Amino acid sequence: MEEQPLTTGRTSVQNPAITTGKSRSIREIVMSWVHNEAFVGYCFIMPNLVGFLAFTLLPVLASLIVSFTSWDLLSPPRFVGFKNFIDIFGFSLIPEAALASWTDYLFVWQYLTPKDPGFWQYLYNTAFLMLGIPFGMICSLFIAIVMNRKLRGIMFFRTIYFLPSISSLVAVALLWRWIYNPDYGLLNALLGFIGIQGPSWLTHPLWAKISLILMGLWSGVGGTNMLLYLAALQGIPQHLYEAADIDGANALHKFMHITIPMLSPTSFFIFIMSVIGGFQGGFQSAYLMTRGGPGGATTTLEYYIYNNAFKWFSMGKASALAWFLFLVILLVTMVNWKYGGKKVHYQYI
Amino acid sequence: MARVILQNVWKRFGDAEIVKDFSLEVPDKEFCVLVGPSGCGKSTTLRMVAGLEEVTAGDIIIGDRRVNDLPPKDRDIAMVFQNYALYPHMTVYENMAFGLKLKKFSDPEISMRVKEAAEILGIAHLLDRKPKQLSGGQRQRVAVGRAIVRKPKVFLFDEPLSNLDAKLRVQMRAELKKMHERLQSTIIYVTHDQTEAMTMGDRICIMKDGSIQQVDNPLSVYEKPDNRFVGGFIGSPPMNFMEAEVIVRGEECFLNEGMFEIAVRRRYKDNVMPYVNKKLILGIRPEDIHDKLSFTLNLKEGNVMSGMVDVVEPLGSEIFLHVNTGKNEIICRVDAHSKVQPNNIIELVVDTRKIHLFEAETGCSILQ
Numbered sequence: 001m002e003e004q005p006l007t008t009g010r011t012s013v014q015n016p017a018i019t020t021g022k023s024r025s026i027r028e029i030v031m032s033w034v035h036n037e038a039f040v041g042y043c044f045i046m047p048n049l050v051g052f053l054a055f056t057l058l059p060v061l062a063s064l065i066v067s068f069t070s071w072d073l074l075s076p077p078r079f080v081g082f083k084n085f086i087d088i089f090g091f092s093l094i095p096e097a098a099l100a101s102w103t104d105y106l107f108v109w110q111y112l113t114p115k116d117p118g119f120w121q122y123l124y125n126t127a128f129l130m131l132g133i134p135f136g137m138i139c140s141l142f143i144a145i146v147m148n149r150k151l152r153g154i155m156f157f158r159t160i161y162f163l164p165s166i167s168s169l170v171a172v173a174l175l176w177r178w179i180y181n182p183d184y185g186l187l188n189a190l191l192g193f194i195g196i197q198g199p200s201w202l203t204h205p206l207w208a209k210i211s212l213i214l215m216g217l218w219s220g221v222g223g224t225n226m227l228l229y230l231a232a233l234q235g236i237p238q239h240l241y242e243a244a245d246i247d248g249a250n251a252l253h254k255f256m257h258i259t260i261p262m263l264s265p266t267s268f269f270i271f272i273m274s275v276i277g278g279f280q281g282g283f284q285s286a287y288l289m290t291r292g293g294p295g296g297a298t299t300t301l302e303y304y305i306y307n308n309a310f311k312w313f314s315m316g317k318a319s320a321l322a323w324f325l326f327l328v329i330l331l332v333t334m335v336n337w338k339y340g341g342k343k344v345h346y347q348y349i
Numbered sequence: 001m002a003r004v005i006l007q008n009v010w011k012r013f014g015d016a017e018i019v020k021d022f023s024l025e026v027p028d029k030e031f032c033v034l035v036g037p038s039g040c041g042k043s044t045t046l047r048m049v050a051g052l053e054e055v056t057a058g059d060i061i062i063g064d065r066r067v068n069d070l071p072p073k074d075r076d077i078a079m080v081f082q083n084y085a086l087y088p089h090m091t092v093y094e095n096m097a098f099g100l101k102l103k104k105f106s107d108p109e110i111s112m113r114v115k116e117a118a119e120i121l122g123i124a125h126l127l128d129r130k131p132k133q134l135s136g137g138q139r140q141r142v143a144v145g146r147a148i149v150r151k152p153k154v155f156l157f158d159e160p161l162s163n164l165d166a167k168l169r170v171q172m173r174a175e176l177k178k179m180h181e182r183l184q185s186t187i188i189y190v191t192h193d194q195t196e197a198m199t200m201g202d203r204i205c206i207m208k209d210g211s212i213q214q215v216d217n218p219l220s221v222y223e224k225p226d227n228r229f230v231g232g233f234i235g236s237p238p239m240n241f242m243e244a245e246v247i248v249r250g251e252e253c254f255l256n257e258g259m260f261e262i263a264v265r266r267r268y269k270d271n272v273m274p275y276v277n278k279k280l281i282l283g284i285r286p287e288d289i290h291d292k293l294s295f296t297l298n299l300k301e302g303n304v305m306s307g308m309v310d311v312v313e314p315l316g317s318e319i320f321l322h323v324n325t326g327k328n329e330i331i332c333r334v335d336a337h338s339k340v341q342p343n344n345i346i347e348l349v350v351d352t353r354k355i356h357l358f359e360a361e362t363g364c365s366i367l368q
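In the order they appear, the protein sequences are chains A and B. Counting from 1, one number per residue, gives the positions in the first sequence under my numbering. Counting from 1, one number per residue, gives the positions in the second sequence under my numbering.
Simulated from the structure, these hints should not be mistaken for lab results. Wrong hints could be hidden among the right ones.
[Stated by the list, open to error] Here are the in silico distance ranges between beta carbons for each label pair:
(1) A:Phe255 to B:Pro108: 23 to 31 Å
(2) B:Phe13 to A:Ile154: 16 to 24 Å
(3) A:Val335 to B:Asn163: 36 to 44 Å
(4) A:Ser70 to B:Lys132: 51 to 59 Å
(5) A:Ile272 to B:Glu54: 38 to 46 Å
Just so we're clear, the structure is a prediction, and the values are computed from it rather than from any experiment. Beta carbons: idealized from backbone N, C-alpha and C, even for Gly.
Using the sequences provided together with the hints, build the complete structure.
Okay, structure coming up:
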């Protein structure tokens with residue numbers, strides 16, 4: 001009996017035509033490809049790979065180049081070196097600065113003013129809006145715990161709570177603009193019942209940010225994060241709670257010593273993804289609710305990138321900002337992994 | 001330490017009756033094993049004692065207190081679970097200390113108790129490890145350690161050895177027994193493994209379909225099963241059962257299997273007489289059927305059968321033969337050096353002192 005290779009790896013097809021030196025028919029050539037596992041594997045990932053290269057990797061690399069140019073989309077890009085970055089992060093001396101003695105140089109920061117004050121404000125706004133992340137996580141966990149009850153019609157409630165997260169943000173924003181209306185809005189009407197004069201939510205620099213956080217919570221807490229927590233809760237082995245019962249734990253003990261630690265991989269994942277999303281986000285809701293105002297109080301870095309790119313057509317600066325954002329996210333995520341990862345308990349035994 | 005009493009305990013889930021009218025008294029310091037096939041309600045019974053399941057009806061008494069309405073933590077019990085249920089994010093030390101911390105013991109007291117338990121179980125060097133860094137046997141010890149640091153009145157074990165490999169199981173069996181001797185505690189131990197039940201229990205409680213079948217010490221359960229189920233469940237390989245008709249010939253009474261007859265001993269005659277010309281279930285343990293060639297007792301009429309050997313299972317210390325009598329397939333144990341081959345015709349001798357007889361319909365033993 002002829003020896004037949006059991007696996008058909010890259011070179012394992014022993015075509016008789018090759019060994020006898022005769023030229024192979026087209027059919028034989030095609031068959032040799034089909035039997036080549038690596039070739040077939042590449043074929044399977046080809047559609048995604050092509051899409052990724054053409055529409056993700058290439059534009060990303062192009063934007064890196066663009067960030068060193070001045071480009072308004074109409075005239076050809078002009079190489080400007082690090083000018084965009086200097087314009088964003090740079091500081092200049094105030095005109096009145098009189099640097100006379102060496103002590104003036106020691107405290108030179110007193111005489112510096114940022115070249116782009118907006119950038120620093122928007123960076124602060126972005127960070128401020130991310131204060132919603134811990135509240136969002138706590139609310140998602142709370143809803144997941146409620147949704148984990150074995151109640152009649154629980155699927156109905158799960159759907160209800162999930163709905164806001166899949167609703168169109170435009171519709172949600174319109175709804176919330178009404179709720180936040182200082183004179184006729186639902187929120188101030190409710191506050192009025194208990195004798196509180198509500199603020200003018202969307203036109204006050206601080207309350208506008210808080211308004212966006214609240215709206216984000218409403219539309220987000222019952223969504224994917226809640227589902228992740230729900231799945232994780234259902235994955236906690238029941239016998240751990242029983243063991244804790246016998247050890248004498250009450251509900252709070254069980255929550256603190258079993259539920260929270262056992263959810264730590266999920267919490268960590270949600271936190272990382274929320275922080276990444278937080279840095280990248282804020283455009284849509286701010287655009288729909290406040291146009292980034294009042295006075296840039298709700299403009300995030302993402303919004304600023306949009307403004308630079310599509311309002312002021314400074315593609316170079318927009319690209320520079322985008323790359324800065326990328327580096328910040330990379331750094332923060334690495335720090336999260338290094339210090340947050342230690343508190344995560346991955347294995348159920 | 002304390003006794004545990006279950007009085008007419010019932011457990012229903014909806015219409016399903018899981019435990020039916022269960023009454024058992026486990027005296028202080030006894031090692032009592034609940035054994036039965038899966039789904040017989042033994043685990044549910046144990047969980048009711050632990051307080052993890054509500055009791056539908058009846059009373060559970062630990063010590064002198066009725067505990068039906070007490071939460072697990074107030075029952076002064078400790079439980080070891082089948083899958084150990086160790087807290088994966090805590091070290092071995094923390095796992096063992098958790099219950100003590102919740103009970104607000106002082107740190108030195110906790111430390112002393114945990115170290116003492118760790119010494120007993122030989123896990124003192126593992127105290128800083130997490131459960132995932134332990135082998136199955138070590139995890140099992142930690143689970144036991146978590147129970148013993150609490151110094152409870154009663155230990156409850158729910159199939160604690162099922163997840164261990166065969167060799168470790170034998171070892172842990174002996175260690176748990178030793179631990180019981182040392183701690184002098186009341187233990188209720190649930191298992192589906194009749195070997196564990198036999199080897200470990202002071203008394204065995206055999207359950208089936210939520211009801212107690214028999215409660216007695218291991219030897220009595222083995223030698224005098226109350227019914228056909230107990231006879232078949234305890235012992236490996238299981239007891240051979242065959243239908244046999246009771247016939248009387250002169251003064252003698254015989255059991256006719258169809259292919260052979262077995263004489264009924266005089267002392268059992270009164271038990272058997274009501275069933276003359278009726279069917280009984282004859283039960284014979286594999287070790288009570290001998291190869292005629294090596295049987296040294298005197299042979300009498302009516303205890304010899306013959307059959308064709310189907311399967312030969314050598315175990316080293318002995319050989320189990322699957323023999324077809326023509327009507328029944330039976331298993332018998334013969335000498336390890338027997339030269340029997342499959343398809344041989346073999347003559348077998350039944351030790352008539354050790355036969356068991358059960359009513360055909362109820363399965364109850366008629367020899368008690």
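A quick look at each hint next to the structure:
| no. | hint | verdict |
| --- | --- | --- |
| 1 | A:Phe255 to B:Pro108: 23 to 31 Å | 29 Å, holds |
| 2 | B:Phe13 to A:Ile154: 16 to 24 Å | 20 Å, holds |
| 3 | A:Val335 to B:Asn163: 36 to 44 Å | 40 Å, holds |
| 4 | A:Ser70 to B:Lys132: 51 to 59 Å | 57 Å, holds |
| 5 | A:Ile272 to B:Glu54: 38 to 46 Å | 42 Å, holds |
Violated hints are absent here; each numbered hint is respected by the structure.
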